[in-house]
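Using the sequences provided together with the hints, build the complete structure.
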Amino acid sequence: MTRCSPASATDSLRRWWADAVGYQVYLRSFADSDNDGVGDLGGVLAKLDYLARLGVDFAWITPFYPTPGHDWGYDVADYCDVDPLFGDLATFDRLVAAARERDIRIVTDLVPNHTSSSHRWFQAALGHSGAADRERYRDYYIWRDPAPDGGPPNNWVGYFGGPAWTLEPESGQYYLHLFLPSQPDLNWRNPAVAGEWDDILRFWLDRGVAGFRVDVAGGLVKDAGLRSNPQLLPIPPRASRWEQWDCFEHLYDVFQPESQDVFRRWRKICDEYGAFLHGETYHLDPRGMDELLPPDGMHGGYWFAPMHIDWEPAAIRRTLRGPSSALAGRLLWAMSSHDMPRAPTRFAPSSDGRSDGRADDDGWGAARTLAFNVLAAFLPGTLVLYQGEELGLADGEVAAEDKLDPVGPDDDVSAGRDGCRTPMPWGDGPHNGFSAAEPWLRSAARPAGETAAAQSQDERSWLGAYRALLDVQQRARPALSNGSAGGNGAVEWTDRGGGAVISYRRGGLMVAANVGDSACEVPLDNGATLLYDSATASRHPGADPSGASTQDAPDGVHLLPPASAAVWRI
Numbered sequence: 004m005t006r007c008s009p010a011s012a013t014d015s016l017r018r019w020w021a022d023a024v025g026y027q028v029y030l031r032s033f034a035d036s037d038n039d040g041v042g043d044l045g046g047v048l049a050k051l052d053y054l055a056r057l058g059v060d061f062a063w064i065t066p067f068y069p070t071p072g073h074d075w076g077y078d079v080a081d082y083c084d085v086d087p088l089f090g091d092l093a094t095f096d097r098l099v100a101a102a103r104e105r106d107i108r109i110v111t112d113l114v115p116n117h118t119s120s121s122h123r124w125f126q127a128a129l130g131h132s133g134a135a136d137r138e139r140y141r142d143y144y145i146w147r148d149p150a151p152d153g154g155p156p157n158n159w160v161g162y163f164g165g166p167a168w169t170l171e172p173e174s175g176q177y178y179l180h181l182f183l184p185s186q187p188d189l190n191w192r193n194p195a196v197a198g199e200w201d202d203i204l205r206f207w208l209d210r211g212v213a214g215f216r217v218d219v220a221g222g223l224v225k226d227a228g229l230r231s232n233p234q235l236l237p238i239p240p241r242a243s244r245w246e247q248w249d250c251f252e253h254l255y256d257v258f259q260p261e262s263q264d265v266f267r268r269w270r271k272i273c274d275e276y277g278a279f280l281h282g283e284t285y286h287l288d289p290r291g292m293d294e295l296l297p298p299d300g301m302h303g304g305y306w307f308a309p310m311h312i313d314w315e316p317a318a319i320r321r322t323l324r325g326p327s328s329a330l331a332g333r334l335l336w337a338m339s340s341h342d343m344p345r346a347p348t349r350f351a352p353s354s355d356g357r358s359d360g361r362a363d364d365d366g367w368g369a370a371r372t373l374a375f376n377v378l379a380a381f382l383p384g385t386l387v388l389y390q391g392e393e394l395g396l397a398d399g400e401v402a403a404e405d406k407l408d409p410v411g412p413d414d415d416v417s418a419g420r421d422g423c424r425t426p427m428p429w430g431d432g433p434h435n436g437f438s439a440a441e442p443w444l445r446s447a448a449r450p451a452g453e454t455a456a457a458q459s460q461d462e463r464s465w466l467g468a469y470r471a472l473l474d475v476q477q478r479a480r481p482a483l484s485n486g487s488a489g490g491n492g493a494v495e496w497t498d499r500g501g502g503a504v505i506s507y508r509r510g511g512l513m514v515a516a517n518v519g520d521s522a523c524e525v526p527l528d529n530g531a532t533l534l535y536d537s538a539t540a541s542r543h544p545g546a547d548p549s550g551a552s553t554q555d556a557p558d559g560v561h562l563l564p565p566a567s568a569a570v571w572r573i
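Number 573 marks the last residue of the sequence shown (this note's numbering); no jumps.
The reader is advised that the hints may include incorrect statements.
[To be verified] DEER-style ranges, computed between Cβ atoms: (1) 87 x 194: 56 to 66 Å; (2) 500 x 206: 45 to 55 Å; (3) 293 x 500: 20 to 30 Å; (4) 291 x 237: 20 to 30 Å; (5) 293 x 405: 50 to 60 Å.
[Said to hold, decoys possible] Result set (SDA-like, lysine to any residue): computed pairs, CA atoms no more than 20 Å apart in a straight line: (6) 271 x 197; (7) 271 x 218; (8) 271 x 294; (9) 271 x 299; (10) 271 x 166; (11) 271 x 203; (12) 271 x 325; (13) 271 x 228; (14) 271 x 194; (15) 271 x 195; (16) 271 x 57; (17) 271 x 200; (18) 271 x 255; (19) 271 x 231; (20) 271 x 260; (21) 271 x 164; (22) 271 x 298; (23) 271 x 202; (24) 271 x 199; (25) 271 x 210; (26) 271 x 112; (27) 271 x 297; (28) 271 x 198.
Hints in this document: simulated from the structure, not taken from any laboratory. Quick reminder that beta carbons are idealized off the backbone N, C-alpha and C, glycines included.
Shown next as structure tokens:
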């Protein structure tokens with residue numbers, strides 16, 4: 004195992020993540036090394052050369068800890084080990100070392116809001132290991148007596164729908180869970196919980212982990228009085244989880260300011276190692292993000308607004324301009340994740356003109372996603388691609404009878420997250436080369452053109468286009484940072500706040516995207532040099548099939564097809 008010493012103050016301030024590019028590995032579906040149908044750490048190890056060729060700086064790996072799997076790993080039974088389904092600690096150590104040899108850092112998931120109900124702390128809190136342990140661990144979780152009518156202590160609902168409380172019959176008390184009943188929430192007002200987590204962070208940092216993505220970063224500390232949230236609307240029959248959640252004003256269950264004390268504590272630990280502490284900061288308002296990311300808290304947080312918009316100029320402009328100005332380099336830009344439909348699915352034009360299609364057969368969704376990523380790649384912050392995004396993948400097709408996600412009704416695949424979690428298509432053959440065994444999540448086979456093997460042989464594939472983009476972005480980093488330690492070179496927006504073309508300048512570069520429905524001319528400075536054009540770098544559905552470049556006209560104008568973006572040195 005490679006033991007890592009704490010970093011010097013200089014290393015800590017260097018902030019290697021500024022303008023870096025990350026890659027989310029949804030472990031169960033990435034690559035299966037032992038042919039049991041489940042992706043594992045050995046599979047990531049085997050694909051490091053692929054990630055290095057893509058050009059990413061770090062890989063965020065979703066949970067691999069021991070788990071009963073009720074929420075596919077986000078119900079953790081032991082935070083300091085590896086589930087045998089995914090490998091072991093020795094394999095993890097080899098992965099970290101091999102990644103570092105390729106200049107790739109490994110970032111892991113922290114799941115501190117809740118544990119699995121199988122975790123020894125919760126089992127002890129139930130009294131299963133004796134009275135002394137029950138006394139010690141009971142306050143690791145949040146317990147309350149029933150309301151006067153015998154029901155839950157307050158009106159909180161869970162992220163996955165339904166009440167956020169479950170009655171424990173033996174004690175007659177309810178315990179809190181903002182997710183599944185098998186995911187009891189920790190009591191972060193108990194100092195002993197904070198002490199446990201200090202040890203957990205150091206355990207992984209000492210093994211060479213380069214950072215942590217904090218799951219449910221807005222939810223750790225709860226209101227001290229556990230007051231009911233104001234109810235805005237009655238909950239409709241058969242309401243989706245989102246509809247149930249939106250019936251309340253969430254004043255007391257999430258986004259409590261005391262959570263920042265936890266993150267300040269962790270920030271000090273991470274800064275000792277030069278590690279990147281960032282969170283799942285699920286807030287769609289830049290002002291709320293600013294409150295979640297104070298200067299002495301987490302280094303950054305995911306900006307989720309791009310996952311909640313249609314392909315429409317005003318929405319895209321608002322999503323990019325507001326937070327990039329207010330939050331500078333503290334944002335992680337992501338178009339897709341394991342919790343949301345893939346961007347090519349969301350951005351695919353449907354027959355009624357809205358972007359809510361379930362597929363991307365004509366490539367427009369993939370082209371729009373690439374254009375958006377070009378815009379984000381050169382803004383301050385950190386771009387993160389979700390596995391398969393570089394292949395232009397839309398959601399996979401999962402039959403109703405194969406639905407596994409606990410979210411949503413059993414017969415409604417679209418209400419859950421299975422579509423964005425289908426196995427990575429590496430090549431031809433059974434299960435697209437993911438595994439020799441039946442995958443854990445069954446889905447329709449993808450065509451050969453969507454596989455990594457086929458696209459690796461085509462410079463103008465989506466994979467080729469992303470490789471070229473990340474190469475340009477990496478070469479541009481010294482100019483982007485303008486010499487600042489945080490990589491926060493100033494952004495000058497040049498599109499006057501309207502129209503189909505969104506454009507800005509930063510660090511000697513100009514970036515422009517056409518987010519409208521027809522080709523647009525982009526005026527250029529004298530001497531501007533084209534570095535990247537998504538329409539000619541890819542099999543863009545609206546570009547010249549031959550791949551011929553749209554040369555800059557003598558009068559200093561560049562023609563951008565719809566759903567395309569370009570980068571110039573100016």
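Index of numbered hints that the structure contradicts, given in increasing order:
Violated hints: 1, 5, 10, 12, 13, 16, 18, 19 and 21; rest satisfied.
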